[in-house]
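Numbering (numbering that gives the first Met the number 0), first residue to last: 0 to 140.
The set of hints was computed from the structure by calculation and includes no laboratory data. Do not rely on the hints blindly, as some may be mistaken.
[What the hints assert, rightly or not] What follows is a set of in silico ranges between Cβ atoms, one per label pair, in the way DEER data are often shown:
#, residue 1, residue 2, range
1, Gln39, Gly72, 35 to 43 Å
2, Pro76, Gln39, 17 to 25 Å
3, Lys75, Ala43, 32 to 40 Å
Yeah, the Cβ is synthetic: ideal placement off N, Cα and C, and Gly gets one too.
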Amino acid sequence: MTRNVLAAAIAIGAACFAVSCSSPAADSSAPAKAAPAAAQVTPATLEKGRGIYKAKCAACHGESGRGDGPAAGVMKPAPRDHTDRAYMSTLSDDDLAKVIQMGGAIKGKPLMPSSPDLRGADLAAIVAYTRSLSSAGPTTP
0 MTRNVLAAAI AIGAACFAVS CSSPAADSSA PAKAAPAAAQ VTPATLEKGR
50 GIYKAKCAAC HGESGRGDGP AAGVMKPAPR DHTDRAYMST LSDDDLAKVI
100 QMGGAIKGKP LMPSSPDLRG ADLAAIVAYT RSLSSAGPTT P
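Make the full structure from the sequences, and use the hints.
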């Protein structure tokens, strides 16, 4: 039984890594800075961010962002609940961008992979969408 649980955990971890390493049309023309430019969030930006979130984040965080994705059950610590308004309101957009690009280890969540390929408009879109899951407006650092 333990061998089956270990095999399932490894398979899920590999699937999460593969999903996180896939690159949905990264904006390679933008400079490689962590913080997206503060801009007005439009429905198109949120839709773009939703698509990136679904491709890169939903396996662990779930499509609704509650930290209940298919791979979440075997992760210790559990994936962050992006609908937690109290926690999300403590993060600036720059903080979110850094965690997305550098991975969760910078916030004590070592299982979250980095996505250094996300920058520019793609990074701004996923930050805006992730922020929208909690309806918490951006804060200043």
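Consistency of the hints with the structure:
For Gln39 and Gly72, the hinted distance range of 35 to 43 Å is satisfied, since their beta carbons lie about 38 Å from each other. A beta carbon spacing of about 34 Å between Pro76 and Gln39 contradicts the range 17 to 25 Å that was offered as a hint. Between Lys75 and Ala43, the C-beta spacing of about 37 Å keeps the proposed range 32 to 40 Å intact.
In this structure, the one hint that does not hold is number 2.
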